[in-house]
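Participant: Respectively, the protein sequence lines represent chains A and B. For the first sequence, the residue numbers in the working numbering are 1 to 111. For the second sequence, the residue numbers in the working numbering are 112 to 962.
Mixed in with the good hints there might be a few duds.
[Said to hold, decoys possible] Simulated restraints, written as ranges between beta carbons of each label pair: (1) A/S111 with B/R478: 23 to 33 Å; (2) A/E110 with B/L557: 39 to 49 Å; (3) B/L557 with A/L102: 45 to 55 Å; (4) A/E68 with B/D175: 21 to 31 Å; (5) A/V40 with B/A129: 25 to 35 Å; (6) A/S111 with B/D175: 31 to 41 Å.
It should be emphasised that the hints constitute simulated quantities derived from the structure, not laboratory data. From the three backbone atoms N, C-alpha and C, an ideal C-beta is built for every residue, glycine too.
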Amino acid sequence: MSKASRDADFLPGTLEMLVLKTLSRGPNHGWGIAQHIQQVSNDALKVGEGSLYPALQRLLLNEFVSAEWALTENNRRARYYRITAAGRKQLVEEKRSFDFLLAGIARVMES
Amino acid sequence: MRLSSRLRQWIRRRQFEADLAEEIRIHREMEHDYRAVGGEGRFFGSEALALEQSREAWGFAWLDSFAQDIRYAWRGIRTAPGFALTVIGTIGLGLGINATLFTVFNTYVFRTIAVSDPHNLYEFWWESRDGTWRATWAQFQELRRENNVLTDVAAYDRLYAALDGRSATGETVSGNYFALLAPGAHLGRLIQPDDADVIVLSYDTWRNSYGADPHILGRKLRLRGRTLEVIGVARSGFTGIADVVREFWVKGPPPASAEPPPSVRLLGRLRPGVTPEVAASGVLVWAQAETSGLPAARRAARTHIVSRATPIEYSPRMLAALAPLFAAFGLVLAIACANVSNMMLARALARQREIAIRVSLGAGRTRLVRQLLTESLLLAFPAAAAGIAISSGTLRFGTWLLFRTLPPSFVWFVKFPSIETDWRVCAFVLLAAVCAALLFGLVPALQTTRSRLVEANRGNFSSDYRPSRLRSFLVAGQVAVCALLLICSAVALRSQRRVSNQDIRIRTEGVFNLLLSKPPGPAGVDRLRASAGIEAVAAVWRAPVEGDLVKLAVVPSGAKAEVLAGYNFVSPEYFPLLRIPVLRGRLFTAGEAKAGDGVVVISDATARRYWPGEDPLGKSIAIPSKRQADGRSDRLPPYGAARVIGVVGDVISGFAGVGVDASCLYFPTFAGAERETLLVSAARGKSAGRRDIQAAFDEIAPGLVDQINPLDEIHEMMIYPFRIAFWIAGFLGGLAILLTVSGIHGVLSYLVSQRTKEIGIRMALGAGGGAVVRMVVSQCMLLVSIGGATGAALALLAAPLFANLVQAIQPYDLTAYLGATLVITAASLGASLRPAQRAVAVDPLSALRCD
Chain A
1 MSKASRDADF
11 LPGTLEMLVL
21 KTLSRGPNHG
31 WGIAQHIQQV
41 SNDALKVGEG
51 SLYPALQRLL
61 LNEFVSAEWA
71 LTENNRRARY
81 YRITAAGRKQ
91 LVEEKRSFDF
101 LLAGIARVME
111 S
Chain B
112 MRLSSRLRQW
122 IRRRQFEADL
132 AEEIRIHREM
142 EHDYRAVGGE
152 GRFFGSEALA
162 LEQSREAWGF
172 AWLDSFAQDI
182 RYAWRGIRTA
192 PGFALTVIGT
202 IGLGLGINAT
212 LFTVFNTYVF
222 RTIAVSDPHN
232 LYEFWWESRD
242 GTWRATWAQF
252 QELRRENNVL
262 TDVAAYDRLY
272 AALDGRSATG
282 ETVSGNYFAL
292 LAPGAHLGRL
302 IQPDDADVIV
312 LSYDTWRNSY
322 GADPHILGRK
332 LRLRGRTLEV
342 IGVARSGFTG
352 IADVVREFWV
362 KGPPPASAEP
372 PPSVRLLGRL
382 RPGVTPEVAA
392 SGVLVWAQAE
402 TSGLPAARRA
412 ARTHIVSRAT
422 PIEYSPRMLA
432 ALAPLFAAFG
442 LVLAIACANV
452 SNMMLARALA
462 RQREIAIRVS
472 LGAGRTRLVR
482 QLLTESLLLA
492 FPAAAAGIAI
502 SSGTLRFGTW
512 LLFRTLPPSF
522 VWFVKFPSIE
532 TDWRVCAFVL
542 LAAVCAALLF
552 GLVPALQTTR
562 SRLVEANRGN
572 FSSDYRPSRL
582 RSFLVAGQVA
592 VCALLLICSA
602 VALRSQRRVS
612 NQDIRIRTEG
622 VFNLLLSKPP
632 GPAGVDRLRA
642 SAGIEAVAAV
652 WRAPVEGDLV
662 KLAVVPSGAK
672 AEVLAGYNFV
682 SPEYFPLLRI
692 PVLRGRLFTA
702 GEAKAGDGVV
712 VISDATARRY
722 WPGEDPLGKS
732 IAIPSKRQAD
742 GRSDRLPPYG
752 AARVIGVVGD
762 VISGFAGVGV
772 DASCLYFPTF
782 AGAERETLLV
792 SAARGKSAGR
802 RDIQAAFDEI
812 APGLVDQINP
822 LDEIHEMMIY
832 PFRIAFWIAG
842 FLGGLAILLT
852 VSGIHGVLSY
862 LVSQRTKEIG
872 IRMALGAGGG
882 AVVRMVVSQC
892 MLLVSIGGAT
902 GAALALLAAP
912 LFANLVQAIQ
922 PYDLTAYLGA
932 TLVITAASLG
942 ASLRPAQRAV
952 AVDPLSALRC
962 D
């Protein structure tokens, strides 16, 4: 169970938010996204492919991101994801509700 | 947006799968490289699971299984083409007749008339205490100027007249009629307010009667002695706004004459924001002011406003009136569904093994039911296509039959708007097909998938399967509906025979009813009498056998209360001309008729009713008030009481469906008086007689005759609806019995094959062939008697709807019930014969050996 706490999807929908946030800094491929989340979170959040790719499909389905094949700097083929305008709007939305939730949790924990 | 991107992705599924697999492979490579340079790796999940979950995000599972279901159903259908064809044929037949009915309904009730903005078009009239009134031309002009609820009002009236010597239906219209409707012209232009002697033809008339002559414009046509110039041909599809197709339009009003001003129908378009109710009250205010000078009973009390967007306005009342018809047609479809349901149940039994194996392998019941329903739907769609084809064939045949059997003098009058299969009909048939598929597919699907895992695992697939009760129920239901429909057709047949065989007791051959554009005057009548080939001429207010007698409230002397009596105005020649015998007293003289004396001749039945056992001669009949219950009564005797001077024989001069006139008062009038119809008897029979009359009028006053209708054909026309009713009922009944017989046959054959072993044992133990036949037949007869009794009970329940409608229709006719029951019993016996034979032919030895 200790692994679950490190999984980025510990709250439903959080992973999508993290992916969108990552992509808002520029297009990236799946591995790059996972790597970024892990590094920025100081290894606190590790995103496995079992949850990353379904999350990316959900984002594609809702047209929050778009995808196309391109070459990486190491000349390797990879599928790059790019955030769409709808995705940015969604990110703002999710950030707000997440902040609200977090503040709520904090208040409960400090009381 | 989501659905479309989902669908796009599903169509390019192979690409999607390849991309995803490639992506995950690259991901792993990157991960591998990263670890190689010392990075800390992440959790590696199952690749298949990642793929599966990614796929699920798109919701492909549902679509995939749907495609699977279709493939599965298609395979099932392909292995049993005979079964599939039978289902498609049976359901197609049921759908076809319902599509036929709906197509006709759609043409009159849903399809809007071919004018611009039909939904804003309303017709209105008003009602007073003593009848229904329409405006005169003068009132119409007034209303045009003085109303604030309608943007404009147009007037029209029907006109049946000879156009270039050919009987035709048209309209006289106000100058703004076409401006208000704006139907568009195919050739030339339409009538405008300052036009005078012009005529516009309908597209169909132009094509059928004038050979689509491109130079028709400017041609002169004769109508009622006037010469009119063709100025245009209306756009195809526009046939006037009534339910009867119009062929031409001329400018009204007719030149002023001494006759009472002809009434018109009013059409208006509502001002923006005005509801029909507001418009109705607006028109009422105007009509009340307009009629304020009249006696109280004739002042406008209520206005009617009716949408003219479609030939017949859609209303709950109209639907209720048609409900029995829809129910009868729907029931035939229900029988067809029951048949197919039964076939599917039998087939499902053969599939029991397959289903059981699938259940034990973990198939969910909903999925199985969905699969079986997909199969039903797959069969229902071709059935819908067959139904549409059948309906257009039926309509063509029906029209042909109608024109073949109509009395020849009226063929010109019967015209239909083009009856087409449009999107509404297709949508209706598709919807009905889906409903039918659910109806015939759901029960077998539920029944089949009710699998018992334990038995199935034991390898026992055939025992403990009890759809037989369900099947019996279906067969009994079929028989019940079939009995109901057969009883209906027997009742219709008997009433048709009753009506067409009854003696109407008046002479009809060689007698003609003349419709004239204006009264010929006494001198004209005298000249007609003297013409060659003319035997006699009589005048009558309402021609005989044209419909129910108009009723009048009277008080016979000696009675206290008012009674309603049928009445008419006739000239003395009426009785000898129609060969109505004078039983007592005398007829009135021409002098009495002209002087307006208060005398009356009554029918024998009237005399017996008012003064039973007394001498009616010299009695008087008071006509107490001017208030009349009958909306059609717009003419009353000008005196308060009339003395009975003669009694004549009973005849049928009203509607043939109600039989001999229950009461009839003949008030005097004379030939040549205004507003009378002329009856003429000709010496040389029907076709020569018509020519003689036409020739006589060509000399007296050309263009005066609108129509010359033989009385026998008028009578035939009046009872024609009974024939149609019988045809429709007979057709439905025939279909029902066909379906039921095939249903019984199928079920019994199936039961016999299922009981082969049992029958074999019975025969091995010494049962004779007779006993086996009895067993099979009695099983069938039990269902038939239950079904037949239910059907008869249903017919009795429905009977009050039709009782007291028309005397000729007797829904409690015992003969009809017995006949229908006999037919269905005989047919069922016939249907059970083959299965019974097969049961007798069972060879005990081989039956016991098999399985």
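Participant: Taking the hints in turn, state whether each one holds.
Facilitator: Tested hints:
The beta-carbon spacing between A/S111 and B/R478, approximately 50 Å, falls outside the hinted interval of 23 to 33 Å. Roughly 58 Å separates the CB atoms of A/E110 and B/L557, a value that falls outside the hinted 39 to 49 Å. At about 51 Å, the beta-carbon gap between B/L557 and A/L102 stays in the expected band of 45 to 55 Å. A C-beta distance of roughly 26 Å is found between A/E68 and B/D175, which places it inside the suggested range of 21 to 31 Å.
Between A/V40 and B/A129 the beta carbons are some 32 Å apart, a value that agrees with the proposed interval 25 to 35 Å. The hinted range of 31 to 41 Å is not satisfied by A/S111 and B/D175, whose Cβ atoms lie roughly 50 Å apart.
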